[in-house]
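Produce the entire structure from the sequences given, and follow the hints as far as they go.
Counted from 1, the sequence shown has number 131 at position 132 by numbering that gives the first Met the number 0; the numbering is strictly sequential.
A few of these clues could be false.
Here are the simulated BS3-like pairs of lysine-lysine, each with C-alpha atoms no more than 25 angstroms apart in a straight line [unchecked claim]:
1) Lys25 with Lys88
2) Lys19 with Lys41
3) Lys19 with Lys94
Across the chosen pairs, the derived CB separations fall in these ranges [to be verified]:
4) Ser123 with Lys17: 15 to 25 angstroms
5) Val58 with Lys94: 37 to 47 angstroms
6) Ser125 with Gly20: 31 to 41 angstroms
7) Gln114 with Gln63: 27 to 37 angstroms
8) Lys25 with Asp73: 27 to 37 angstroms
9) Ile105 with Thr2: 18 to 28 angstroms
Hints listed in this document are in silico derivations from the structure and should not be mistaken for laboratory results.
Ideal Cβ positions, reconstructed from N, Cα and C, are used throughout, including at glycine.
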Amino acid sequence: MTTNYNRMELGTFGHDLKEKGRVMSKEALGLTGTEISFNYVKAGDFTPFVHSHTLNEEVYIILQGEGMFMVDADEFEIKEGSVIRVSPKGQRAIKAGDADLVYICIQAQSGSLTQSTEHDGVMSESKASWMK
Numbered sequence: 000m001t002t003n004y005n006r007m008e009l010g011t012f013g014h015d016l017k018e019k020g021r022v023m024s025k026e027a028l029g030l031t032g033t034e035i036s037f038n039y040v041k042a043g044d045f046t047p048f049v050h051s052h053t054l055n056e057e058v059y060i061i062l063q064g065e066g067m068f069m070v071d072a073d074e075f076e077i078k079e080g081s082v083i084r085v086s087p088k089g090q091r092a093i094k095a096g097d098a099d100l101v102y103i104c105i106q107a108q109s110g111s112l113t114q115s116t117e118h119d120g121v122m123s124e125s126k127a128s129w130m131k
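Listed below in structure tokens is the structure:
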């Protein structure tokens with residue numbers, strides 16, 4: 000048995016996440032370099048605050064629904080498939096439109112990525128059961 004991973008079950012985005020509104024994964028997954036939150040905003044609702052960060056950039060990945068996003072003075076439409084990166088100082092807020100909004104937000108310290116997959120990945124001789 001390996002100890003090289005942690006996992007969690009969110010349930011379905013449409014039902015279980017709706018009950019919770021937001022699920023943070025740092026503790027459940029033992030994250031040490033990122034924070035990932037899974038978020039649900041009911042149609043017509045919005046985050047009740049505008050915020051920024053001191054160190055962390057955020058990437059928002061819209062999975063379902065549509066709405067509006069604000070960064071500083073810019074407001075723009077978002078929809079399923081939209082991906083937005085916001086630098087730490089960006090003043091941000093999000094609003095669901097006529098449909099419920101489901102999104103993932105990934106936080107990491109800005110400037111901390113010093114390599115990419117091509118330079119960090121190591122090929123293995125191991126095989127998964129479906130590779131035989």
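Each hint tested on the structure:
Only pairs whose Cα atoms come within 25 angstroms are accepted, and Lys25 paired with Lys88 is accepted, the gap being roughly 22 angstroms. For the proposed pair Lys19 and Lys41, the alpha carbon gap of about 11 angstroms is at most 25 angstroms, so the pair holds. For the hint pairing Lys19 with Lys94, the CA-to-CA distance comes to about 17 angstroms; that is within 25 angstroms, so the pair holds. The hint said 15 to 25 angstroms for the Cβ distance between Ser123 and Lys17, and at roughly 39 angstroms that hint is violated.
The beta-carbon spacing between Val58 and Lys94, approximately 18 angstroms, falls outside the hinted interval of 37 to 47 angstroms. At about 39 angstroms, the CB distance of Ser125 to Gly20 agrees with the hint of 31 to 41 angstroms. At about 32 angstroms, the beta-carbon gap between Gln114 and Gln63 stays in the expected band of 27 to 37 angstroms. At about 29 angstroms, the CB distance of Lys25 to Asp73 agrees with the hint of 27 to 37 angstroms.
Distance hint for Ile105 and Thr2: a CB-CB separation of about 24 angstroms, consistent with the stated range 18 to 28 angstroms.
Hints 4 and 5, counting from the list given before, are not met by this structure.
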